[in-house]
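All chains, full assembly: derive it from the sequences and hints.
Counting in the numbering used here, the sequence shown runs without a single skipped number right up to 1578 at its last residue.
Simulated from the structure, these hints should not be mistaken for lab results.
Pairwise CB distance ranges (calculated): (1) 1460 <-> 1390: 48 to 56 Å; (2) 1396 <-> 1364: 46 to 54 Å; (3) 1504 <-> 1427: 45 to 53 Å; (4) 1539 <-> 1487: 14 to 22 Å; (5) 1385 <-> 1525: 53 to 61 Å; (6) 1563 <-> 1508: 22 to 30 Å; (7) 1352 <-> 1374: 25 to 33 Å; (8) 1390 <-> 1575: 32 to 40 Å; (9) 1521 <-> 1486: 21 to 29 Å.
Remember, it's a predicted structure, so these values are computed and weren't measured experimentally. Glycine residues also receive a C-beta, built at the ideal position from the N, C-alpha and C atoms.
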Amino acid sequence: MEDFSREIKKNVASYPAHKPVGQTQKWTLLFVGSHGKTVIFKRFKGLAVFFMLLLCSAVVSAAGFYILYDLQVKKVRKIEQDSDALKKQIAELKHEKDALVIRAVKAESEPKNPEPPKKDTKPEESSKPEAKVEVKEEPPRLSVENFETSYHRSRKILTLKFNVKNAAPSDQKFSGYAIAVLKTSDKRSLNVPYNIDLASGRPAEKPQGESFEMSKSKHLEMEVKGEKDPERFQSAMVFILDKSGRILFEQNIPVKITY
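And the structure:
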(Lines of atoms letter the chains of each structure in order from A and count residues from 1; the text may use other names and numbers.)
(Lines give C-alpha, C1' and ligand atoms only; values in the text may rest on other atoms or scores of the structure.)
Protein backbone atom coordinates (compact mmCIF):
# COMPACT_ATOMS: atom_id res chain seq x y z
CA MET A 1 0.00 0.00 0.00
CA GLU A 2 2.77 2.43 0.85
CA ASP A 3 4.52 1.64 -2.43
CA PHE A 4 1.38 2.58 -4.30
CA SER A 5 1.13 6.06 -2.58
CA ARG A 6 4.75 6.78 -3.25
CA GLU A 7 4.30 5.92 -6.87
CA ILE A 8 1.39 8.36 -7.21
CA LYS A 9 3.38 11.23 -5.59
CA LYS A 10 6.30 10.51 -7.87
CA ASN A 11 4.10 10.65 -10.95
CA VAL A 12 2.44 13.94 -9.82
CA ALA A 13 5.80 15.56 -9.06
CA SER A 14 7.18 14.61 -12.44
CA TYR A 15 4.18 16.13 -14.29
CA PRO A 16 5.22 19.53 -15.71
CA ALA A 17 3.36 22.66 -14.45
CA HIS A 18 0.91 24.21 -16.93
CA LYS A 19 2.20 27.42 -18.42
CA PRO A 20 -0.21 29.90 -20.10
CA VAL A 21 0.37 30.18 -23.80
CA GLY A 22 -0.54 33.19 -25.96
CA GLN A 23 -1.49 35.54 -23.06
CA THR A 24 -0.40 39.18 -23.37
CA GLN A 25 1.32 41.03 -20.57
CA LYS A 26 -0.68 43.73 -18.80
CA TRP A 27 0.23 46.65 -16.55
CA THR A 28 -1.42 46.96 -13.16
CA LEU A 29 -1.03 49.90 -10.76
CA LEU A 30 -1.09 48.84 -7.12
CA PHE A 31 -1.47 51.24 -4.15
CA VAL A 32 -0.72 49.89 -0.66
CA GLY A 33 -1.88 51.91 2.33
CA SER A 34 -0.25 52.09 5.74
CA HIS A 35 -3.13 50.04 7.15
CA GLY A 36 -2.29 47.21 4.77
CA LYS A 37 -5.17 47.58 2.35
CA THR A 38 -4.44 47.68 -1.35
CA VAL A 39 -6.10 49.46 -4.25
CA ILE A 40 -5.60 48.00 -7.71
CA PHE A 41 -5.90 50.04 -10.90
CA LYS A 42 -6.09 47.74 -13.88
CA ARG A 43 -5.60 48.97 -17.44
CA PHE A 44 -3.15 51.62 -16.25
CA LYS A 45 -1.55 51.84 -19.68
CA GLY A 46 -4.91 52.50 -21.37
CA LEU A 47 -5.74 55.29 -18.92
CA ALA A 48 -2.34 56.91 -19.53
CA VAL A 49 -2.84 56.82 -23.30
CA PHE A 50 -6.38 58.24 -22.89
CA PHE A 51 -5.19 61.20 -20.84
CA MET A 52 -2.34 61.89 -23.26
CA LEU A 53 -4.80 61.97 -26.17
CA LEU A 54 -7.10 64.23 -24.15
CA LEU A 55 -4.20 66.62 -23.42
CA CYS A 56 -3.16 66.72 -27.09
CA SER A 57 -6.75 67.44 -28.13
CA ALA A 58 -6.95 70.31 -25.64
CA VAL A 59 -3.68 71.82 -26.94
CA VAL A 60 -4.83 71.55 -30.57
CA SER A 61 -8.22 73.11 -29.71
CA ALA A 62 -6.57 75.99 -27.83
CA ALA A 63 -4.27 76.66 -30.80
CA GLY A 64 -7.24 76.64 -33.18
CA PHE A 65 -9.24 79.07 -31.02
CA TYR A 66 -6.23 81.40 -30.78
CA ILE A 67 -5.81 81.45 -34.56
CA LEU A 68 -9.52 82.22 -35.03
CA TYR A 69 -9.33 85.00 -32.42
CA ASP A 70 -6.27 86.54 -34.08
CA LEU A 71 -8.03 86.52 -37.47
CA GLN A 72 -11.10 88.25 -35.99
CA VAL A 73 -8.93 90.94 -34.35
CA LYS A 74 -7.19 91.63 -37.66
CA LYS A 75 -10.56 91.88 -39.43
CA VAL A 76 -11.84 94.37 -36.82
CA ARG A 77 -8.72 96.54 -37.18
CA LYS A 78 -9.06 96.48 -40.97
CA ILE A 79 -12.72 97.52 -40.70
CA GLU A 80 -11.81 100.41 -38.36
CA GLN A 81 -9.11 101.65 -40.75
CA ASP A 82 -11.50 101.46 -43.72
CA SER A 83 -14.15 103.31 -41.70
CA ASP A 84 -11.74 106.15 -40.85
CA ALA A 85 -10.71 106.44 -44.50
CA LEU A 86 -14.35 106.57 -45.65
CA LYS A 87 -15.19 109.26 -43.08
CA LYS A 88 -12.30 111.39 -44.34
CA GLN A 89 -13.40 110.94 -47.95
CA ILE A 90 -16.99 111.89 -47.03
CA ALA A 91 -15.76 115.07 -45.32
CA GLU A 92 -13.67 116.03 -48.38
CA LEU A 93 -16.57 115.36 -50.76
CA LYS A 94 -18.87 117.46 -48.58
CA HIS A 95 -16.37 120.30 -48.64
CA GLU A 96 -16.11 120.12 -52.44
CA LYS A 97 -19.91 120.03 -52.71
CA ASP A 98 -20.24 123.21 -50.62
CA ALA A 99 -17.66 124.96 -52.81
CA LEU A 100 -19.52 123.94 -56.00
CA VAL A 101 -22.85 125.14 -54.58
CA ILE A 102 -21.33 128.52 -53.71
CA ARG A 103 -19.87 128.85 -57.21
CA ALA A 104 -23.20 127.93 -58.82
CA VAL A 105 -25.11 130.48 -56.73
CA LYS A 106 -22.57 133.15 -57.54
CA ALA A 107 -22.74 132.34 -61.28
CA GLU A 108 -26.54 132.61 -61.26
CA SER A 109 -26.46 135.95 -59.46
CA GLU A 110 -24.13 137.57 -62.02
CA PRO A 111 -25.77 139.30 -65.07
CA LYS A 112 -25.49 137.23 -68.23
CA ASN A 113 -25.21 140.16 -70.71
CA PRO A 114 -23.62 143.14 -69.02
CA GLU A 115 -23.97 146.40 -70.91
CA PRO A 116 -20.71 147.76 -72.35
CA PRO A 117 -19.53 151.00 -70.80
CA LYS A 118 -20.67 154.10 -72.68
CA LYS A 119 -17.98 156.07 -74.41
CA ASP A 120 -17.67 159.66 -73.36
CA THR A 121 -18.13 161.91 -76.42
CA LYS A 122 -16.79 165.05 -74.77
CA PRO A 123 -13.22 165.60 -75.97
CA GLU A 124 -12.27 167.96 -73.17
CA GLU A 125 -13.17 165.39 -70.50
CA SER A 126 -11.43 162.51 -72.27
CA SER A 127 -8.15 164.41 -72.19
CA LYS A 128 -8.22 164.66 -68.42
CA PRO A 129 -6.27 161.97 -66.52
CA GLU A 130 -8.48 159.42 -64.79
CA ALA A 131 -8.43 159.51 -61.06
CA LYS A 132 -7.32 156.28 -59.38
CA VAL A 133 -9.96 154.69 -57.23
CA GLU A 134 -8.66 152.81 -54.23
CA VAL A 135 -10.49 149.54 -53.66
CA LYS A 136 -10.63 148.66 -50.02
CA GLU A 137 -10.39 145.01 -49.14
CA GLU A 138 -13.56 143.83 -47.48
CA PRO A 139 -12.88 142.04 -44.18
CA PRO A 140 -13.78 138.36 -44.20
CA ARG A 141 -17.11 137.26 -42.69
CA LEU A 142 -15.98 134.11 -40.90
CA SER A 143 -18.04 131.39 -39.26
CA VAL A 144 -17.51 127.85 -37.93
CA GLU A 145 -19.96 125.11 -38.91
CA ASN A 146 -20.39 121.32 -38.54
CA PHE A 147 -18.24 121.06 -35.40
CA GLU A 148 -17.70 117.39 -34.47
CA THR A 149 -15.59 115.53 -31.91
CA SER A 150 -14.82 111.81 -32.25
CA TYR A 151 -12.72 109.46 -30.09
CA HIS A 152 -10.79 106.35 -31.14
CA ARG A 153 -10.68 104.06 -28.09
CA SER A 154 -7.85 101.72 -29.09
CA ARG A 155 -5.57 104.51 -30.39
CA LYS A 156 -6.60 107.00 -27.63
CA ILE A 157 -6.95 109.88 -30.13
CA LEU A 158 -9.53 112.69 -29.83
CA THR A 159 -10.26 114.32 -33.22
CA LEU A 160 -11.85 117.76 -33.74
CA LYS A 161 -13.49 118.42 -37.13
CA PHE A 162 -15.14 121.64 -38.36
CA ASN A 163 -15.61 123.85 -41.41
CA VAL A 164 -14.45 127.47 -41.56
CA LYS A 165 -16.55 129.55 -43.98
CA ASN A 166 -16.14 133.03 -45.41
CA ALA A 167 -19.43 134.71 -46.34
CA ALA A 168 -17.80 137.79 -47.90
CA PRO A 169 -19.00 138.33 -51.53
CA SER A 170 -15.47 138.86 -52.89
CA ASP A 171 -13.27 136.00 -54.10
CA GLN A 172 -10.28 137.21 -52.14
CA LYS A 173 -8.38 134.37 -50.43
CA PHE A 174 -7.99 134.34 -46.67
CA SER A 175 -4.97 132.96 -44.82
CA GLY A 176 -4.88 132.55 -41.08
CA TYR A 177 -4.74 130.25 -38.08
CA ALA A 178 -7.30 128.13 -36.19
CA ILE A 179 -7.12 127.38 -32.45
CA ALA A 180 -9.41 125.28 -30.26
CA VAL A 181 -9.42 125.47 -26.46
CA LEU A 182 -11.20 122.49 -24.84
CA LYS A 183 -12.72 123.29 -21.44
CA THR A 184 -13.79 121.00 -18.59
CA SER A 185 -16.49 121.50 -15.99
CA ASP A 186 -13.89 122.60 -13.40
CA LYS A 187 -12.66 125.44 -15.67
CA ARG A 188 -9.53 123.60 -16.81
CA SER A 189 -8.51 123.86 -20.47
CA LEU A 190 -6.55 122.00 -23.13
CA ASN A 191 -5.12 123.85 -26.13
CA VAL A 192 -5.22 122.39 -29.64
CA PRO A 193 -2.51 122.58 -30.97
CA TYR A 194 -0.53 122.23 -27.72
CA ASN A 195 2.01 125.04 -28.17
CA ILE A 196 -0.46 127.90 -27.80
CA ASP A 197 0.17 130.94 -25.60
CA LEU A 198 -3.00 132.10 -23.83
CA ALA A 199 -3.68 135.38 -22.07
CA SER A 200 -6.80 135.43 -19.84
CA GLY A 201 -8.19 132.36 -21.61
CA ARG A 202 -7.67 133.86 -25.10
CA PRO A 203 -4.81 133.30 -27.55
CA ALA A 204 -2.06 135.88 -27.44
CA GLU A 205 -2.14 138.09 -30.53
CA LYS A 206 0.70 136.56 -32.49
CA PRO A 207 0.94 134.06 -35.36
CA GLN A 208 0.16 130.65 -33.81
CA GLY A 209 -2.19 127.70 -34.28
CA GLU A 210 -3.26 125.48 -37.21
CA SER A 211 -2.34 127.31 -40.43
CA PHE A 212 -4.79 127.22 -43.36
CA GLU A 213 -5.74 129.09 -46.55
CA MET A 214 -9.15 129.31 -48.22
CA SER A 215 -11.43 131.36 -50.42
CA LYS A 216 -14.94 130.37 -49.32
CA SER A 217 -14.70 127.26 -47.18
CA LYS A 218 -12.07 125.05 -45.51
CA HIS A 219 -12.43 121.72 -43.67
CA LEU A 220 -10.04 121.40 -40.70
CA GLU A 221 -9.13 118.44 -38.49
CA MET A 222 -7.14 118.58 -35.25
CA GLU A 223 -5.99 115.65 -33.10
CA VAL A 224 -5.33 115.24 -29.39
CA LYS A 225 -3.14 112.16 -28.96
CA GLY A 226 -2.92 110.11 -25.74
CA GLU A 227 -6.25 111.38 -24.35
CA LYS A 228 -7.66 108.83 -21.86
CA ASP A 229 -10.81 110.65 -20.64
CA PRO A 230 -12.49 112.62 -23.45
CA GLU A 231 -15.79 112.85 -21.54
CA ARG A 232 -14.28 115.46 -19.21
CA PHE A 233 -14.53 118.13 -21.90
CA GLN A 234 -17.82 120.07 -21.86
CA SER A 235 -17.20 122.80 -24.45
CA ALA A 236 -14.70 124.10 -26.98
CA MET A 237 -13.75 127.71 -27.74
CA VAL A 238 -12.78 128.07 -31.40
CA PHE A 239 -10.68 131.07 -32.47
CA ILE A 240 -9.81 132.21 -36.02
CA LEU A 241 -6.77 134.50 -36.34
CA ASP A 242 -5.35 136.34 -39.34
CA LYS A 243 -1.70 136.07 -40.39
CA SER A 244 -0.67 138.82 -37.98
CA GLY A 245 -2.25 136.97 -35.03
CA ARG A 246 -5.29 139.27 -34.63
CA ILE A 247 -8.44 137.43 -33.50
CA LEU A 248 -11.16 137.79 -36.15
CA PHE A 249 -13.67 135.22 -34.91
CA GLU A 250 -14.42 133.26 -31.73
CA GLN A 251 -17.27 130.94 -30.78
CA ASN A 252 -18.05 128.73 -27.77
CA ILE A 253 -19.40 125.33 -28.94
CA PRO A 254 -20.74 122.44 -26.79
CA VAL A 255 -18.76 119.20 -27.09
CA LYS A 256 -20.49 115.90 -27.81
CA ILE A 257 -18.16 112.90 -28.15
CA THR A 258 -18.88 110.20 -30.75
CA TYR A 259 -17.17 106.81 -30.84
